[in-house]
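Undergrad: Residue numbers (our numbering), protein chains in the order written: chain A, 323 to 383; chain B, 2 to 168.
Don't read these hints as lab results, they were simulated from the structure.
Example chain A residues on the side facing chain B (calculated, C-beta under 8 Å, incomplete):
(1) H362
(2) A364
(3) Y371
Cβ pair distances, simulated, as ranges:
(4) B/R65 to A/H347: 45 to 55 Å
(5) A/L344 to B/N24: 32 to 42 Å
(6) B/V6 to A/M323: 42 to 52 Å
(7) A/E357 to B/E110: 12 to 22 Å
(8) A/T337 to B/G93: 51 to 61 Å
(9) B/E75 to A/H347: 34 to 44 Å
(10) A/T337 to B/H4: 37 to 47 Å
(11) B/A16 to A/H341: 43 to 53 Å
(12) B/A16 to A/P326: 44 to 54 Å
(13) A/H341 to B/K43: 24 to 34 Å
(14) A/S336 to B/E128: 55 to 65 Å
(15) B/T83 to A/D342: 53 to 63 Å
(16) B/K142 to A/A340: 51 to 61 Å
(17) B/E125 to A/A340: 51 to 61 Å
Every residue, glycine too, gets a C-beta built ideally from N, C-alpha and C.
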Amino acid sequence: MPNPKRRHSQKRTSTRRAHDALSKHSLSECPNCHEKKMPHRACAKCGYYKGREVVEVEEAS
Amino acid sequence: MRHKVAGWKLGRNTAHRRSLLRNLVTSLIVEERIETTIPKAKAMRPHVEKMITLGKRGDLAARRLAASYLMTDESVVKLFDTIAPRFGDRNGGYLRIVRTAWQKGDGAEKAFVELLGSEKVLDEKREKRAEARAKRVAEAKKAMEEAEAQAQTQAAPEAAEKQEEEK
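Kindly generate the complete structure, drawing on both the sequences and the hints.
TA: Structure representation (structure tokens):
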């Protein structure tokens, strides 16, 4: 079976992973409650989408 | 070449998929709004639109075709009498799919599918649900208060003693 000939340095590993970072989601602002929300989705905080309540959000009591 | 137009298999065999889609379409017609996953919502869309087109035709043959696809007679009646007339001047695009959150467990993206023009019905339904909820809460509160009052009057001496002992 083939085996590695040389030790793999930490630098080599970290250099390879330099491009592996995840990017942040771009968020838009909910026009109803001004919370950050995912674009093209109903707001998770107030349940509004395009000016109308779409989902009922349960308030923590 | 008709590459990439196969549609959705939804991880089911043909019979299972057909059943699922028929159930989804029937539910949507009866309820006007259902919650499901994005791929199911997209897969059911053409089937719903075909049913509404049948509803707009409105003749006996169309009614029989619809009845052979939809699961309940009630849904056929509703499709032909109340839903199809709503879309008289619209050629397709009868559905609205609103993405909501992700499903717990498998992380599937969920969405509400609703028929256009059903806002009034849905708002009425929502109001009814809110009323029922308020009623339930009020009843529960009342019951709790009554139980508390009863417990206090019935076991007032004992409870007082117990409380003192605990202290």
